[in-house]
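Using the hints, position chains B and C against chain A.
Chains as they are written, first to last, in this note's numbering: chain A, 1 to 313; chain B, 1 to 327; chain C, 1 to 333.
Please note: incorrect hints may appear among the correct ones.
Said to hold, decoys possible - With a cut-off of at most 20 Å between alpha-carbon atoms, the simulated SDA-like pairs for lysine to any residue come out as follows: (1) A:Lys203 / C:Phe157; (2) A:Lys203 / C:Gly279; (3) C:Lys19 / A:Thr222; (4) A:Lys203 / C:Ser61; (5) C:Lys155 / A:Leu3; (6) A:Lys201 / C:Asn106; (7) C:Lys19 / A:Thr136; (8) A:Lys203 / C:Asn106; (9) A:Lys203 / C:Met68; (10) C:Lys19 / A:Leu21; (11) A:Lys201 / C:Arg114; (12) A:Lys201 / C:Met68; (13) A:Lys201 / C:Phe15; (14) A:Lys203 / C:Asp208; (15) C:Lys19 / A:Pro216; (16) C:Lys156 / A:Leu21; (17) A:Lys201 / C:Lys92; (18) A:Lys201 / C:Ser61; (19) B:Lys199 / C:Gly279; (20) C:Lys92 / A:Pro216; (21) A:Lys203 / A:Thr136; (22) A:Lys203 / C:Gly69; (23) C:Lys19 / A:Gly131; (24) C:Lys19 / B:His155; (25) A:Lys201 / C:Gly279; (26) B:Lys199 / C:Leu70; (27) A:Lys203 / C:Lys92; (28) C:Lys156 / A:Gly130; (29) A:Lys201 / C:Pro113.
Everything labelled a hint here was simulated from the structure, so no lab data went into it. The structure presented is a predicted model; accordingly, all values stated were derived computationally and were not measured.
Given next are the chains, with one letter for each unit.
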Amino acid sequence: MQLIKMRDRMNFFTNAWDSDLVWSFRQAPLVMVAALMTTVIVLAAVLAPLIAPHDPFNPATLNLMDGFTPPMTPNAMSGQVYLLGTDNQGRDILSTILYGARISLFVGFSAVLFAMVLGIFVGLVSAWRGGWIDSTLMRVADIQLSFPSILIALLIFGVARSLIPVAYREQMAIWVLIVAIGLSDWVQFARVVRGAALVEKSKEYVQAAQAIGVRPSRIVLTHILPNVMGPVLVIATIGLALAIIAEATLSFLGVGVPPTQPSLGTLIRIGQGFLFSGEWWIILFPSLTLLALALSVNLLGDWLRDALNPKLK
Amino acid sequence: MTEAVLSVRDLRVEFSTRHGTLVALDGVSFDIAPGEVLGMVGESGAGKSLTGSAIIGLLEPPGRTTGGEILLRGRRIDNLPASEMRGIRGKRIGMVFQDPLTSLNPLYTIAEQLIETIRTHQSLTASQARLRAIELLDRVGIPAAARRIDDYPHHFSGGMRQRVVIALALCADPELVIADEPTTALDVSVQAQIIDLIKEICAEKGAAVLLITHDMGVIAETADRVAVLYAGRLAEVGPTQDIIRDPRHPYTRGLMGSIPTLTQNATRLVQIPGAMPRLSDIPAGCAFNPRCPNVTDHCRTARPSLMPLQAFREVACWQADKEGPND
Amino acid sequence: MTESLLRVDGLWRRFDVSKPWLNRVIEREDRQFLTALADVSFSIDRGETFALVGESGSGKSTIARMIMGLLAPTAGRICFDGQDMSTLSPDKLRELRRRFQIVFQNPFASLNPRWRVGAIIGEPILTFGLASAAAVEREVARLLEIVGLSAQDAKKFPHEFSGGQRQRIAIARALSSRPEFIVFDEPTSALDVSVQAQILNLMRDLQDQFGLTYLLISHDLSVVRHMATQVGVLYLGRLVEVAQARALFDSPQHPYTRMLLDAVPDLTLSGVRRTPIRGEIPNPISPPSGCAFHPRCPIASTRCTEIVPTPVVTASGIASCLALLDTTEVIKN
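The following block holds chain A by itself, in its conformation from the complex:
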């Protein structure tokens, strides 16, 4: 019995390796590089507390005299070598990038998750109920789409600012950010899910479930939802890249994460001030990291969309 279970597990892996999806992955070296890069950055960010050479957020360890050290050059004062240099306050750029990427990824993932759940819910309800509910929800979505998403995020930020008492503002900043980005992004999920759900709804397997009297909520969740997840995953991957950039933009504009928890966007903003005075490393490395992250996630999303598209096979 154990042997049979083991054999089944091995079969699962060999079958997965042979499957069309994994095969198309193996055929595209660019995608494999993108996947590798994403994994490296994510791992590095997750393990930041363990691998960062310095803690950039602890004021006690900061030495203002270490500021503006170029990369790989011993500091004039203390002789310390920083791999990627330090910023104006003596923070190690490498460590800040690692912690910053952490925040960027956390906000990015959470925002996309929030947008996904909200969008899927609205899309499914819209498709199943139809009628005026569908019309109303889709008009709300249309109206929202006519605003640039950054503006919506700013709007939500402003509203939150006025609602949350000052004492909690800093703690809540990240959550407000997540909600803001998520709320600006849910519409594409809702639309795609609605379209796919409408197609599935007309198929006979849904009618078969209705014919045996299965409750509509069960039909939608267990029958329709699994069949619309394909395009959702593709949008989610690309949406992740967009969310990371949105967060960077908001932080760059000064309304994102608080300055005590700098993300990649904050670092870019800080670095921008010093670009023309010669300390190029403060802006370059965070920008490169952001670029690498967004690009590789985008490439993965592109590959996933083509690989999952049955028409291209």
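Showing chains B and C alone in chain A's frame:
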């Protein structure tokens, strides 16, 4: 003996997939004389639509023709460059597809589509072409053709649309017409009308017809000769009457027995055990051998080619001249 | 004496196919309605196979969905085993649902592609609470064997099967709630001829084995002749003829039935002359006045354009044709 309009010799079509090369058509050969209707019958996956696509040069990659010859009035057309093939399509070979909904462009009126096709193959002015188009629509039985020619495809019913498609296929007076499941998407009462129309027009113009279908009933009504396709190989070719009354290949026998009719009474229909093999799993020897009631060891190892049986008949079976269990 | 298991009385169904309100106001158009079913009545006895024949626009799929409770009638009633389905409480209706099931036409769309076959077949059992979760697996295995597949197939996904096999899975699902009555909506239209033979034989065997009653919906008269004991012919939402199967095929009473029979290709090549088919099915939104068939009918007269025929009793069943009112004897072929 007049020269055949279409002559297919040993046609071989392969698909290269990541699992290997699959042979979809293996050594298919047949001729069609002028004015003759040859029915190509087979079940799904047998390769009949592929045959039509290969002849007209519209095989979709990764499928490609890897062997054999296709001759139109004695001249090879399978090795022509794309530009020459375009000149032949429509002008010398007309094609009627299965789904009239998708073979007509919904954004253009019937007039525009007909006139465009007519002027591509014949040098007529626009007004001359329009007159010819109205003539054609009239011929295929569209009532009030002069008025309806400016309608869009969605204004027509399925049967009417299929008539328009037939008009399109015939507007350049082609020598060969390939009809791929022309009646499958239509209602039963309309099917009969379309079949009669195809027969009539082709007889009138002396065009040769390759009628591809899975419906033996349509074949019985329309075709002079029939070719039975199984797993990419021809099982049997011969006059329709003979093959229906006295099928010699065990597959054809099973096929005929499994069709319910309006006259015979049977409590159980004949059932051929198993299913047509997938292209990746075609058995050695005769492709039908795992399902055949008359199978011998020889059938499992040696692949039968089409062998002449009586006058005008060919069968690909080692046991063809023996009496079968149904006799 | 067998009493009727399913009875349909004066069934009507209208669909509102009007354009949205704003469009209607701007384009000054009236509301448009499509009468999919008009005054349909028939009854099916226990153990028999009743076939509904019709072409597109006849309303046969609408009837299937109404009988399964997926669509409500605009008027009329459906009685299953003597109980009027529209008057039942939701609980009683659920109980009743267990006793009839449906097999759909499209074997590729009627099974959820993301569910394993075992879950698909087991869903009715679990929904109706007929067995515990542990017993379901055994029951599913039993059902798979009954329809000619193997118990191992329960772990596979639908796309690993051919069309005929998927239809077997759909039949196994229909059997899982141990129904008395199964609706087959064009069960073999999407299948090859040799596969069709397998499925039809299977349907026959199951009917004998379990004493099932069938409603078979089809456009294929040869299949109907092979399977049915009673046949109803639909044209544009009306039942134009109902008769015992043998009688319908030997001596059809309604001109449309005769036309349909003539249209079936003659495989036996008997060389019998056939009357050519005329015209096409009219648009159901604006049907012809009087008898809907009159534009295509070889024996139509002026009164056919004015009066809608009501059913008349003939020797073989009932038929709705004004010409039958004239003759005191049954029209013979």
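Consistency of the hints with the structure:
1. A:Lys203 / C:Phe157: The hint holds at about 17 Å.
2. A:Lys203 / C:Gly279: violated, 32 Å
3. C:Lys19 / A:Thr222: At roughly 33 Å apart (the allowed maximum being 20 Å), threonine 222 (chain A) and lysine 19 (chain C) break the hint.
4. A:Lys203 / C:Ser61: Holds, at about 14 Å.
5. C:Lys155 / A:Leu3: Distance ~18 Å between lysine 155 (chain C) and leucine 3 (chain A) Cα, so the pair holds.
6. A:Lys201 / C:Asn106: Within the cut-off at roughly 15 Å; holds.
7. C:Lys19 / A:Thr136: holds, 18 Å
8. A:Lys203 / C:Asn106: Judged against 20 Å, a Cα distance of about 9 Å means the pair holds.
9. A:Lys203 / C:Met68: Holds. Lysine 203 (chain A) to methionine 68 (chain C) sits at ~16 Å (cutoff 20 Å).
10. C:Lys19 / A:Leu21: violated, 43 Å
11. A:Lys201 / C:Arg114: Roughly 14 Å separates the two Cα atoms, so the pair holds.
12. A:Lys201 / C:Met68: holds, 17 Å
13. A:Lys201 / C:Phe15: holds, 19 Å
14. A:Lys203 / C:Asp208: violated, 31 Å
15. C:Lys19 / A:Pro216: Not OK: lysine 19 (chain C) and proline 216 (chain A) at ~27 Å, beyond 20 Å, violated.
16. C:Lys156 / A:Leu21: Answer holds: lysine 156 (chain C) to leucine 21 (chain A) is near 18 Å, not above 20 Å.
17. A:Lys201 / C:Lys92: Given pair lysine 201 (chain A), lysine 92 (chain C) is violated - Cα atoms ~26 Å apart, limit 20 Å.
18. A:Lys201 / C:Ser61: Roughly 17 Å separates the two Cα atoms, so the pair holds.
19. B:Lys199 / C:Gly279: With a Cα-Cα distance of about 18 Å, the restraint between lysine 199 (chain B) and glycine 279 (chain C) holds, given a limit of 20 Å.
20. C:Lys92 / A:Pro216: Holds, at roughly 18 Å.
21. A:Lys203 / A:Thr136: Judged against 20 Å, a Cα distance of about 25 Å means the pair is violated.
22. A:Lys203 / C:Gly69: holds, 17 Å
23. C:Lys19 / A:Gly131: Given that 20 Å is the threshold and the Cα spacing comes to 14 Å, the pair holds.
24. C:Lys19 / B:His155: Holds. Lysine 19 (chain C) to histidine 155 (chain B) sits at ~17 Å (cutoff 20 Å).
25. A:Lys201 / C:Gly279: violated, 35 Å
26. B:Lys199 / C:Leu70: This hinted pair is violated, its Cα atoms lying about 44 Å apart.
27. A:Lys203 / C:Lys92: violated, 27 Å
28. C:Lys156 / A:Gly130: Between lysine 156 (chain C) and glycine 130 (chain A) the Cα gap is close to 34 Å, so the pair fails against 20 Å, i.e. violated.
29. A:Lys201 / C:Pro113: holds, 13 Å
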